[in-house]
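Q: What follows is each chain in one-letter form.
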Amino acid sequence: MDLWFSEKHTPDVKLSLRVERQLFSKQSDYQRIDVFESCEFGRILALDGNIMLTERDEFIYNEMIVHVPMAVHQGISRVLVIGAGDGGVVKELTRYSRIEHIDLVEMDPMVVDACRQYLPGNACQLDDERVHIHYENALKFIRYCENEYDLIIVDSNDPFGPSEGLFTKEFYGNCYKALKEDGIMVNQQGSPFYQQDADAMQRSHKRIANTFPICRVYQAHIPTYAAGYWLFGFASKKYHPIDDFDSKAWNDLHMRTRYYTTRLHKGAFYLPAFLEEMLEEVE
Amino acid sequence: MLDRTTEFIRRQNRAPIHEALEKFRNLRVVPFDVPGHKRGRGNPELTSFLGQQCVSVDVNSMKPLDNLCHPISVIREAEILAAEAFGAAEAFLMVGGTTSAVQSMVLTACKRGEEIILPRNVHRSVINALVLCGAVPVYVNPQVDRRLGISLGMKVEQVEQAIREHPNAVAVLVNNPTYYGICSDLRSIVKLAHDHGMLCLADEAHGTHFYFGEDLPVSAMDAGADMASVSMHKSGGSLTQSSFLLAGPNVHAGYVRQIINLTQTTSASYLLMSSLDISRRNLALRGDVIFREVRRIAEYARAEINSVGGYYAFGPEMINGDSIFDFDPIKLSVHTLDIGMAGIEVYDLLRDDYDIQIEFGDIGNILAYLSIGDRIQEVERLVSALAEIRRRYQRDKTGMLSQEYIDPQVVASPQEAFYAQKESLPIEQTEGRVCSEFVMCYPPGIPILAPGERITKDILDYILYAKEKGCSMTGPEDPNIERLNVLI
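Those protein sequence lines, which keep their order, are chains V and R.
So for the first sequence, the numbering used here puts the first residue at 1495; every next one is plus one.
So for the second sequence, the numbering used here puts the first residue at 162; every next one is plus one.
Calculated directly from the structure, the hints in this document are not laboratory data.
By construction, the Cβ of each residue, glycine as well, lies at the ideal position given by its N, Cα and C atoms.
It cannot be assumed that every hint is accurate.
Unchecked claim - Using 20 Å as the maximum straight-line C-alpha spacing, the simulated EDC-like pairs for lysine to aspartate or glutamate come out as follows: (1) V:1700 <-> R:509; (2) V:1700 <-> R:516; (3) V:1671 <-> R:514; (4) V:1700 <-> R:513.
Unchecked claim - One side of the interface only, derived from the structure: several residues of chain V facing chain R at Cβ under 7 Å: (5) 1631; (6) 1633; (7) 1634; (8) 1637.
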């Protein structure tokens, strides 16, 4: 049988993965949720037809969004995670004993349920006692937070669907308010390659740069995301992602990773010329 | 509120104009008539922008599609269905905005030299109609809420007094509701008007949903009013510029049609008419559920905005049984002066910094328009943006002007003043003179000065302050509002 799942990265470019079978498909109040078993990438979670994660390459995303801030700010103990109902970010975070409290705000309970059932590799730490799941609109949740978190991780879908509110100036402003005076916000910042993605990336970078005194972008290669090339935003009130980076402290933790290393940490902030230009344009 | 019998549902399930257009499209009739774009072929750029579906039904009046100027088939059927849905004796499809409905209503009710009783906080279209027909306004000064700086409704006793002082007036016009959602005691005013042989007209530009929702203020037709102008395109979901004029049994429908045809286009847009038809069907069948949800969203938004602190999102708690006889719960108005910001400043920040466009901001308030298309996730954005604006910009409110109601001094009728000999003067030299034109902030489009009113120092101060705060001012010949035309 020749069954393929395709995601359009632009109207003229698509990525196709051969699928063994579909494990789950349901429309929630917010979006369509699908889980596939694929030949090359293991299980795939797709929301509204966009790949959120695959078992094969999720480690790149989750390691890069978690370990970079954790290696910069040694005092992180209270963390807010937005989106990320699959549990991948939480799985990495719970490896740190210094983290005491994780609030996970996910709008859609059905995502969490589907991942618990079909993607246990990601969802395995959602029951850690430090993790508190809130099924709520993140914009609303964070409006009520002030000076509470050391780290906020924004693990959203792309900005053209139900996650639109997580790419707005009001959201970033509320994150600033919710962070302590030395807090850090890390967000998935999309891809700079295709025009529509690049425009959205620029807009959100501009809004973050207007909100936080320190605002840098770093990159990773993620095969199933648009152009295989992904960006993260590092926004911070106090710590610089390289000047305040303590590689020794992190290496002393002896944490085994498959993508992140302290050498890569620095390298990830060195960006290609076209991207530097795009970012400078809006800074 | 409608009583929905099975028969009613079966009838209202039809949309005759929409159905005729669908049928017409399938016939693939060769067009040797207007419009000249010929189903979009002649204007590919427009077609690609608006879509083939849309331009293919941008057609002209013809036998199978009826004619709005003299409707006898599908448009007439749509009118009859609309009349039933709104509980009116007659309904007219309007394609020149609610402005055209209001004007037709006023032109039907009064002639040159006759008096009409109305609150001063009417939309400019009402006074425009007086310029056209030469009727004379008798203003009932609305009550003002001092804290919020907004005009309220008319008290029944004020209307009674106006009727006593002007027993020959031919009509009373009521805003149902005002832009801010405030309703006068319409039933009592209708009764008063009728007891004195006057018509009662309602401007329901902001009240479409009163006809379909549950537990909302009374609609004009339910209250027994003689005519009502209903902006279907505002809360009802039809295309911009489409509207309904409703009439009760005391008004001669043929005469209303003649009045409408004085100023109405003879090439009425089928896009607009079909949107009225489809929206009427939607509201008649599902309006109760739809507006229950809008109301829930509005109530949630008010509670969240009030919990931010500093703002006051006002609602039905304002009801006082008289000048605020009732309040439209789906209106979302927010008083901003307590964070030291004029409404217009918050309005500009929301758009420029947060990509959120609201309906208007005036001196002390903003209004976010909620309607059939709203969802909670956008409301969360609005509330969060307001919270951010407060965090970033809150300042002392000393020196902030509150909106004062300025009692107008009517010296000449709007028509006399508009057509009289006049001269243009720099605005600061016009104090004490009689204005021959309108000055207003748009939106909301309620005149600060109307033709025939005396210009006072208070009015000039207000205009200059509103300009300085960034209100977009319209009306006068001079677009920069640096000069005004005054009577010689």
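Q: Find the hints from earlier in the document that the structure breaks and name them by number, from lowest to highest.
A: none
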